[in-house]
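Trainee: Top to bottom, those sequences are chains A and B. Position 87, counted from 1, in the first sequence is what the UniProt record's numbering calls 87; the numbers after and before it change by one each time, with no gaps. Position 72, counted from 1, in the second sequence is what the UniProt record's numbering calls 72; the numbers after and before it change by one each time, with no gaps.
It is possible that some hints are incorrect.
It does not matter which identical chain is used: a pair holds within one copy or between any two.
With a straight-line Cα cutoff of 16 Å, these simulated EDC-like cross-link-like pairs (lysine to aspartate or glutamate) come out [stated by the list, open to error]:
hint, residue 1, residue 2
1, 134, 68
2, 196, 93
3, 141, 77
4, 134, 87
5, 31, 121
6, 196, 90
7, 196, 180
8, 31, 43
9, 196, 60
By construction, these hints were calculated from the structure, which means they are not laboratory data.
Next come the chains, spelled out residue by residue.
2 protein chains.
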Amino acid sequence: MTVAAREPRQERSRQTRERLLSVTVDMLAAKGWSATTVTAVAEAAGVSRGAAQHHFPAREDLITAVLESMFEVMTAEAAQTLENLPEGPERIDAVVERAVSIYTGLQFKAALQVWAAAASDENLRELILPLEAKLARAAHKLTVAGLDPTGAHGATAHRLAQITLDLARGFGLADTLSDDSARRAQVTAAWVQQMKAALDV
Amino acid sequence: MTVAAREPRQERSRQTRERLLSVTVDMLAAKGWSATTVTAVAEAAGVSRGAAQHHFPAREDLITAVLESMFEVMTAEAAQTLENLPEGPERIDAVVERAVSIYTGLQFKAALQVWAAAASDENLRELILPLEAKLARAAHKLTVAGLDPTGAHGATAHRLAQITLDLARGFGLADTLSDDSARRAQVTAAWVQQMKAALDV
Numbered sequence: 001m002t003v004a005a006r007e008p009r010q011e012r013s014r015q016t017r018e019r020l021l022s023v024t025v026d027m028l029a030a031k032g033w034s035a036t037t038v039t040a041v042a043e044a045a046g047v048s049r050g051a052a053q054h055h056f057p058a059r060e061d062l063i064t065a066v067l068e069s070m071f072e073v074m075t076a077e078a079a080q081t082l083e084n085l086p087e088g089p090e091r092i093d094a095v096v097e098r099a100v101s102i103y104t105g106l107q108f109k110a111a112l113q114v115w116a117a118a119a120s121d122e123n124l125r126e127l128i129l130p131l132e133a134k135l136a137r138a139a140h141k142l143t144v145a146g147l148d149p150t151g152a153h154g155a156t157a158h159r160l161a162q163i164t165l166d167l168a169r170g171f172g173l174a175d176t177l178s179d180d181s182a183r184r185a186q187v188t189a190a191w192v193q194q195m196k197a198a199l200d201v
Numbered sequence: 001m002t003v004a005a006r007e008p009r010q011e012r013s014r015q016t017r018e019r020l021l022s023v024t025v026d027m028l029a030a031k032g033w034s035a036t037t038v039t040a041v042a043e044a045a046g047v048s049r050g051a052a053q054h055h056f057p058a059r060e061d062l063i064t065a066v067l068e069s070m071f072e073v074m075t076a077e078a079a080q081t082l083e084n085l086p087e088g089p090e091r092i093d094a095v096v097e098r099a100v101s102i103y104t105g106l107q108f109k110a111a112l113q114v115w116a117a118a119a120s121d122e123n124l125r126e127l128i129l130p131l132e133a134k135l136a137r138a139a140h141k142l143t144v145a146g147l148d149p150t151g152a153h154g155a156t157a158h159r160l161a162q163i164t165l166d167l168a169r170g171f172g173l174a175d176t177l178s179d180d181s182a183r184r185a186q187v188t189a190a191w192v193q194q195m196k197a198a199l200d201v
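Extracted from the complex, chain A is given alone in its bound form (with noise of 0.2 Å):
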């Protein structure tokens, strides 16, 4: 076969590849962990479970896939976020509301299929942790650049950026249920008002 006839085959490949895992996020997040198979994923993206198979052979390899893709989408969109930062105090809004989009949209409510699976699965659980811990961390990072870009606030900046992630979360969960974002948008304003004074600017 000639490279001309290869990369079509392999561009159809990634493309198969990314319509799976976008279909398993918008599964899991509305019809839960038990109803999300590779087989139900399969059927629902139109490809044959054979060619899902091949590309994840059982569930933890698309669940695994799916996390590695979120942790991608997510430290790409926020380092395009620093660099677009604004000056001034709005720095600190725009900070927080990146932080908050995080934890409130459909890949959240995915993620939270996964993590209520795991609370009473071993295997998964230990499949999951260490991605879960490698976004927390990059999610810190990012958000404490983003408060603190000098380095001047130091500990400080690194404790208000604990504090904004785990507020996130919680505004993720209260989210799950009904749409929050009337009663979140009034809280994260009084805590950016918060940081705002805490930081000085």
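Based on the hints, put chain B in the right spot on chain A.
Mentor: Okay, now just chain B, sitting in the frame of chain A:
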């Protein structure tokens, strides 16, 4: 039947009901939603399936009763905490500790399983949303009363109570897969410091 003969029977029935509720909380937290059926709970509690179904005809009845019981325990414990709060700045530490303990215990781990299941089950969601709102309102009211017993801080105390409870919910989630208590203690201390500054105590 005499009154004297009826009372022990009522007492036994009450104890059976309590045991079923307690086993449900343990089972939800340890084995998850799918495993926690009325039949499985009855077996683990050493109660006949018929006796269990007399109290709780369907899993929804069991879950509703568990959430109602959580509400009663939480409000009773919180009221007692309020009466015994220390004077001075330590009051803030005690109130935050109380709020965090609501969301990081076994009962929260059980509730998380119900929430995760309700995300993909509209009937369950309709059933638990009013109970969840009642719990959230009670937790907020008690936290405000603890932070600001004289009402002098008005809206500020309300907002700080909301941040405290969302933060506590975030801690609960972070504690689902691994013991997060050491990290949580540091973040809690940082938040208490922030609140003391905001409330000027």
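Trainee: Between copies, within a copy, both or neither: which fits residue 31 and residue 43 at Cα up to 16 Å?
Mentor: within (14 Å within a copy, 29 Å between copies)
Trainee: At most 16 Å between CA atoms: does that hold for residue 31 and residue 121 within a copy, between copies, both, or neither?
Mentor: Only across copies: residue 31 and residue 121 sit 8 Å apart there, 19 Å inside one copy, limit 16 Å.
Trainee: Give the relationship of residue 141 and residue 77 under a CA distance limit of 16 Å: within one copy only, between copies only, both, or neither.
Mentor: within (14 Å within a copy, 38 Å between copies)
Trainee: Pop the pair residue 196 and residue 180 into one bin, within, between, both or neither, using alpha-carbon distances up to 16 Å.
Mentor: neither (24 Å within a copy, 28 Å between copies)
Trainee: My question is about residue 196 and residue 90: at a cut-off of 16 Å on alpha-carbon distance, are they close within one copy, between copies, both, or neither?
Mentor: within (9 Å within a copy, 25 Å between copies)
Trainee: At most 16 Å between alpha carbons: which applies to residue 196 and residue 93, within, between, both or neither?
Mentor: within (9 Å within a copy, 23 Å between copies)
Trainee: Measure nothing new, just compare the shortest in-copy and cross-copy C-alpha distances for residue 134 and residue 68 to 16 Å and report within, between, both or neither.
Mentor: within (9 Å within a copy, 37 Å between copies)
Trainee: Checking an output row: residue 196 and residue 60, CA cutoff 16 Å. Within, between, both or neither?
Mentor: Neither: 42 Å inside a copy, 46 Å across copies.
Trainee: Can you give me the call for residue 134 and residue 87, within, between, both or neither, at a CA distance of at most 16 Å?
Mentor: neither (29 Å within a copy, 42 Å between copies)
In the structure shown, a violation is registered for the earlier hints numbered 4, 7, 9, in ascending order.
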